[in-house]
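Chains as they are written, first to last, in our numbering: chain A, 59 to 150; chain B, 20 to 398.
Heads up, some of the hints might be wrong.
[As the list claims (entries may be wrong)] Taking lysine to any residue and the SDA-like style, the derived pairs with C-alpha atoms no more than 20 Å apart in a straight line are: (1) B:LYS305 <-> B:ILE331; (2) B:LYS305 <-> B:VAL321; (3) B:LYS125 <-> A:ALA146; (4) A:LYS99 <-> A:ASP116; (5) B:LYS231 <-> B:GLN202; (6) B:LYS343 <-> B:ASP325; (7) A:LYS66 <-> A:SER145; (8) B:LYS343 <-> B:GLY64; (9) B:LYS150 <-> A:ARG147; (10) B:LYS385 <-> B:ILE341; (11) A:LYS99 <-> A:PHE83; (12) A:LYS148 <-> B:LYS100; (13) B:LYS150 <-> A:GLU69; (14) B:LYS231 <-> B:GLY378; (15) B:LYS175 <-> A:ASP93; (16) A:LYS148 <-> B:LYS175; (17) A:LYS66 <-> B:GLY64; (18) B:LYS62 <-> A:GLN132; (19) B:LYS125 <-> A:PRO139; (20) B:LYS280 <-> A:ALA98; (21) A:LYS148 <-> B:GLN145; (22) B:LYS179 <-> A:GLU143; (23) B:LYS175 <-> B:PRO277; (24) A:LYS148 <-> B:VAL321; (25) B:LYS150 <-> A:PRO149.
It should be emphasised that the hints constitute simulated quantities derived from the structure, not laboratory data.
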Amino acid sequence: MCLAIPGKVLEEFDRRGMRMAKVQFGGIIREASLDYVPAAKVGDYVLVHVGFAISTVDAEEAIRTYQLLEEMDQLTELHAPVVDEVSARKPQ
Amino acid sequence: MKYIDEYRNPRLAQSIIQEIRRIQTRPWVIMEVCGGQTHSIVKHGIDRMLPEGIELVHGPGCPVCVTPLETIDKAHAIAAKPNVIFCSFGDMLRVPGSHGDLFTLKSQGADIRVVYSPLDCLKIAQANPEKSVVFFAIGFETTAPANAMLVFCAKKEGVKNVSILVSHSLVPPSISYILQSPQNRVQGFLGPGHVCAIMGYREYEPISERYKVPIAITGFEPLDLLQGTLMTVRQLEAGTAVVENQYSRILDREGNVPARKLVNSVFEVSDRKWRGVGWIPKSGYKLRWEYRDHDAERIFEVKEIDTKEPAICISGQILKGIKKPHDCPAFGTMCTPLTPLGATMVSAEGACAAYYAYGRHLDKQKAEKAAEARLGGVA
Numbered sequence: 059m060c061l062a063i064p065g066k067v068l069e070e071f072d073r074r075g076m077r078m079a080k081v082q083f084g085g086i087i088r089e090a091s092l093d094y095v096p097a098a099k100v101g102d103y104v105l106v107h108v109g110f111a112i113s114t115v116d117a118e119e120a121i122r123t124y125q126l127l128e129e130m131d132q133l134t135e136l137h138a139p140v141v142d143e144v145s146a147r148k149p150q
Numbered sequence: 020m021k022y023i024d025e026y027r028n029p030r031l032a033q034s035i036i037q038e039i040r041r042i043q044t045r046p047w048v049i050m051e052v053c054g055g056q057t058h059s060i061v062k063h064g065i066d067r068m069l070p071e072g073i074e075l076v077h078g079p080g081c082p083v084c085v086t087p088l089e090t091i092d093k094a095h096a097i098a099a100k101p102n103v104i105f106c107s108f109g110d111m112l113r114v115p116g117s118h119g120d121l122f123t124l125k126s127q128g129a130d131i132r133v134v135y136s137p138l139d140c141l142k143i144a145q146a147n148p149e150k151s152v153v154f155f156a157i158g159f160e161t162t163a164p165a166n167a168m169l170v171f172c173a174k175k176e177g178v179k180n181v182s183i184l185v186s187h188s189l190v191p192p193s194i195s196y197i198l199q200s201p202q203n204r205v206q207g208f209l210g211p212g213h214v215c216a217i218m219g220y221r222e223y224e225p226i227s228e229r230y231k232v233p234i235a236i237t238g239f240e241p242l243d244l245l246q247g248t249l250m251t252v253r254q255l256e257a258g259t260a261v262v263e264n265q266y267s268r269i270l271d272r273e274g275n276v277p278a279r280k281l282v283n284s285v286f287e288v289s290d291r292k293w294r295g296v297g298w299i300p301k302s303g304y305k306l307r308w309e310y311r312d313h314d315a316e317r318i319f320e321v322k323e324i325d326t327k328e329p330a331i332c333i334s335g336q337i338l339k340g341i342k343k344p345h346d347c348p349a350f351g352t353m354c355t356p357l358t359p360l361g362a363t364m365v366s367a368e369g370a371c372a373a374y375y376a377y378g379r380h381l382d383k384q385k386a387e388k389a390a391e392a393r394l395g396g397v398a
């Protein structure tokens with residue numbers, strides 16, 4: 059579970075003063091904090107671990123690593139439920 | 020060579036293996052520290068394609084595996100409380116405590132939720148002000164910045180009903196611990212790439228110097244692992260012992276400075292128990308005093324829980340590189356991923372679970388049958 063997953067920064071936004079982004083991992087889009095990678099911008103590839111980008115990577119590296127993680131069945135964290143206002147209330 | 024065709028660059032893989040063979044003059048034992056590396060090594064059969072005499076042993080770097088049974092039992096005790104929403108990464112839900120796992124508890128009505136990120140707990144806490152939201156904050160250094168940010172934001176924004184149950188481990192003290200053991204066999208290390216993406220590798224330099232062991236900070240792709248092994252063997256053959264960075268495309272000596280800074284402001288280093296291994300001094304994190312109001316252990320005052328691990332399990336020796344899964348009489352028979360007896364079988368990144376997932380328990384059965392047949396022949 060210590061492996062970070064590469065994804066592409068699609069758009070940036072602000073939440074609670076934190077720099078957030080929508081990041082695309084293959085066919086899945088999830089949110090991630092960009093607070094730890096101040097230089098990252100839209101279009102860059104970042105390594106994301108449990109909702110936090112921890113490093114930037116080049117596109118070729120990102121695609122290769124993603125495929126490997128997929129083969130190793132290491133992408134399960136991306137399938138965890140999305141917590142929005144409705145699901146935050148309801149027991150799941 | 021089963022998997023070598025799957026490599027993106029099989030020719031390069033072959034040339035690295037040939038180079039290791041060319042320079043190697045004697046046997047060496049090298050430990051990969053990170054559970055993700057172990058998984059990749061076993062999946063790709065890397066340990067089996069290395070020249071004879073280069074032995075890879077599998078280290079303690081799986082956070083799910085080394086979370087003590089007592090802590091899992093504490094998590095269960097907290098999760099079972101009526102006013103609690105207990106949140107966790109998915110990996111922890113199937114790990115058995117002394118009395119069943121979190122999934123079972125959930126099926127019995129406890130409000131237990133899998134989250135993608137620790138920050139999800141803030142949203143859940145704000146949407147449920149009458150409940151106490153507890154996050155099971157497990158992990159190595161890679162996960163610490165995420166867990167620290169949850170607590171930092173909760174304090175800053177005054178979200179009082181969120182706390183974390185901390186179970187954080189640190190890699191460098193575990194390496195020192197392994198090297199101090201009188202039974203130690205490990206002569207060189209593949210250091211954990213994604214841990215060092217956060218922490219950098221300064222902390223590994225005094226270890227390398229003090230114990231005279233080469234350490235190559237390494238990624239987890241097959242070519243990374245082969246290259247890290249080559250770097251380590253090259254140092255072992257030359258008699259040098261420094262930290263080298265195989266994974267320089269991702270990390271440098273300083274790591275991620277903003278992440279490290281936040282982690283240090285929220286956590287402080289503490290002694291910690293590792294499942295299967297025991298207490299290792301200064302090998303974990305606890306929350307700093309300023310964040311005590313978000314410390315689940317303080318809030319819930321769960322009693323110390325006495326637990327017993329099965330005597331047959333040798334996971335402690337496996338985590339220290341002294342033994343391999345095949346050396347265990349229970350491996351693949353009494354102990355499987357569905358019925359794990361100890362640390363190295365409870366998560367897919369544990370050495371025993373990885374060996375099992377890629378069919379290596381079958382080798383053991385085959386070898387035993389062959390031995391029986393031979394004995395039968397003699398009789």
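Going through the hints against the structure:
no.: 1; hint: B:LYS305 <-> B:ILE331; verdict: violated (32 Å)
no.: 2; hint: B:LYS305 <-> B:VAL321; verdict: holds (16 Å)
no.: 3; hint: B:LYS125 <-> A:ALA146; verdict: holds (17 Å)
no.: 4; hint: A:LYS99 <-> A:ASP116; verdict: holds (13 Å)
no.: 5; hint: B:LYS231 <-> B:GLN202; verdict: holds (16 Å)
no.: 6; hint: B:LYS343 <-> B:ASP325; verdict: violated (28 Å)
no.: 7; hint: A:LYS66 <-> A:SER145; verdict: violated (26 Å)
no.: 8; hint: B:LYS343 <-> B:GLY64; verdict: holds (15 Å)
no.: 9; hint: B:LYS150 <-> A:ARG147; verdict: holds (10 Å)
no.: 10; hint: B:LYS385 <-> B:ILE341; verdict: violated (23 Å)
no.: 11; hint: A:LYS99 <-> A:PHE83; verdict: holds (16 Å)
no.: 12; hint: A:LYS148 <-> B:LYS100; verdict: holds (17 Å)
no.: 13; hint: B:LYS150 <-> A:GLU69; verdict: violated (33 Å)
no.: 14; hint: B:LYS231 <-> B:GLY378; verdict: violated (36 Å)
no.: 15; hint: B:LYS175 <-> A:ASP93; verdict: holds (16 Å)
no.: 16; hint: A:LYS148 <-> B:LYS175; verdict: violated (26 Å)
no.: 17; hint: A:LYS66 <-> B:GLY64; verdict: violated (31 Å)
no.: 18; hint: B:LYS62 <-> A:GLN132; verdict: holds (12 Å)
no.: 19; hint: B:LYS125 <-> A:PRO139; verdict: holds (16 Å)
no.: 20; hint: B:LYS280 <-> A:ALA98; verdict: holds (18 Å)
no.: 21; hint: A:LYS148 <-> B:GLN145; verdict: holds (13 Å)
no.: 22; hint: B:LYS179 <-> A:GLU143; verdict: holds (18 Å)
no.: 23; hint: B:LYS175 <-> B:PRO277; verdict: holds (17 Å)
no.: 24; hint: A:LYS148 <-> B:VAL321; verdict: violated (27 Å)
no.: 25; hint: B:LYS150 <-> A:PRO149; verdict: holds (12 Å)
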